[in-house]
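Participant: One-letter residues, chain by chain:
There are 2 protein chains.
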Amino acid sequence: MRWKKISDAVIRRLPLYLRVLDELANDPNTQLISSQDLGVRAGVGPALVRKDLAWFGEFGKQGVGYEVKFLRDELRRILNLDSEIKIAIVGAGSLGAAFARYAHKRYADDSSFNLNVVALFDNDPGKVGTEIDGIPVYSANEMQERVRELQIHMAIIAVPSEQAQTTADRLVAAGVKAILNFAPVKINVPEGVHLASADLSLELQCLAYYLRD
Amino acid sequence: MRWKKISDAVIRRLPLYLRVLDELANDPNTQLISSQDLGVRAGVGPALVRKDLAWFGEFGKQGVGYEVKFLRDELRRILNLDSEIKIAIVGAGSLGAAFARYAHKRYADDSSFNLNVVALFDNDPGKVGTEIDGIPVYSANEMQERVRELQIHMAIIAVPSEQAQTTADRLVAAGVKAILNFAPVKINVPEGVHLASADLSLELQCLAYYLRD
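Line order of the protein sequences matches chains D and S. Each number in the working numbering corresponds to the 1-based position in the first sequence with 501 added. Each number in the working numbering corresponds to the 1-based position in the second sequence with 501 added.
It is possible that part of the hints are untrue.
Repeated chains share a single entry, so a pair holds when one copy, or any two copies, can fit it.
[Said to hold, decoys possible] Below, a list of computed lysine to aspartate or glutamate pairs in the EDC-like style, where the Cα atoms sit at most 20 Å apart: (1) K687 with E704; (2) K606 with E704; (3) K687 with D509; (4) K678 with E704; (5) K687 with E524; (6) K687 with D523; (7) K562 with D574; (8) K678 with E650; (9) K606 with E559; (10) K687 with D538; (11) K628 with E646; (12) K570 with D528; (13) K606 with E663; (14) K562 with D634; (15) K506 with E692; (16) K570 with D611.
To be clear, the hints were calculated from the coordinates, so they are not data collected in a lab. Keep in mind the model is a prediction, meaning the values are calculated, not measured.
Make a model of the complete structure from these sequences and hints.
Facilitator: Okay, structure coming up:
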């Protein structure tokens with residue numbers, strides 16, 4: 502089932518709710534949560550909480566609230582986090598390697614993510630064949646066959662700007678459906694592939710604007 | 502001078518224009534650029550380019566275009582990137598250390614950024630006193646005095662979620678005016694302090710939503 506017309510803004514709030522519910526699910530004394538309380542903890546207005554969740558079904562009872570574990574499981578299912586998502590990182594330079602280490606530590610310990618970085622790709626022969634925190638570094642030439650073989654559907658692009666579009670094209674050709682682009686450049690993907698950008702330099706450059714008063 | 506009512510969306514496009522101009526400034530054959538060409542290269546519609554830039558002054562001539570180096574210098578000035586911006590990273594764990602290495606490599610080689618990570622802070626005694634790619638790791642207890650002493654106005658929060666708000670409060674008290682928050686939690690800052698969030702787990706969780714068809 503797909504919920505066709507739901508805006509990105511709604512989707513972006515679902516992980517915030519999920520985090521609150523994941524935390525609360527460990528507390529045996531909290532079995533129910535009101536939209537008010539969920540909103541405060543997630544930093545979202547309570548009316549918006551109800552509206553966001555209503556897109557996906559009827560999860561709460563008026564005057565009672567939401568069952569914590571039930572809603573958590575539903576949100577995980579909606580976000581496709583109920584089964585393992587295998588991720589490739591292309592580019593094992595400073596940022597790619599760094600994010601691999603971070604993700605390994607962060608997601609391996611916390612099953613609520615279900616995100617698993619299973620492969621790195623690089624074209625430096627000195628890196629190919631090595632491992633970063635147990636994650637193998639493959640040759641960029643093998644990208645397409647490995648992505649297919651390992652059933653990777655999500656990838657992170659951490660290559661230099663001038664290689665970002667080619668990398669995206671190869672990932673898409675191999676069946677990747679969701680890309681997070683760290684390269685500070687605009688890339689294009691065909692319809693049906695979802696692209697997000699995490700351009701950290703751009704964030705810092707924008708912040709600089711607000712420094713002078 | 503401040504341009505009060507300019508939206509964040511406009512500000513976020515300025516670094517995209519700046520990148521194009523930085524690249525072109527190295528090419529002795531390109532002294533002028535049309536808004537059309539600037540737009541295509543930056544991935545922004547030409548009408549929007551003109552509109553965005555018009556917020557800050559009259560930089561181009563009708564039918565002639567923009568002088569590349571002049572507009573680059575103006576954009577750097579507008580973004581406060583015409584003088585060095587000193588950045589602190591709080592948290593020298595996997596993500597903080599990783600970003601320090603990345604930033605060191607990326608920004609040190611490229612003077613067009615003018616961003617300089619000058620300090621890391623951590624409360625692990627095993628890390629305090631060490632360096633990461635030449636950047637000293639100070640005790641988190643020294644945060645406020647060091648930030649003042651080193652005249653740091655921008656900071657990156659890379660601590661665990663439960664320490665993020667306290668960290669932000671201390672940074673603000675020490676005079677930091679712009680914060681990039683990597684911790685996967687909502688934090689609050691007073692008016693006059695600008696906050697951006699780079700929640701990479703949230704990006705991946707959102708992307709997961711689009712995986713199922």
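Participant: Checking each numbered hint in turn, tell me which of them this model violates, lowest number first.
Facilitator: Checked against the structure, the hints that fail are numbers 9 and 14, while the rest are satisfied.
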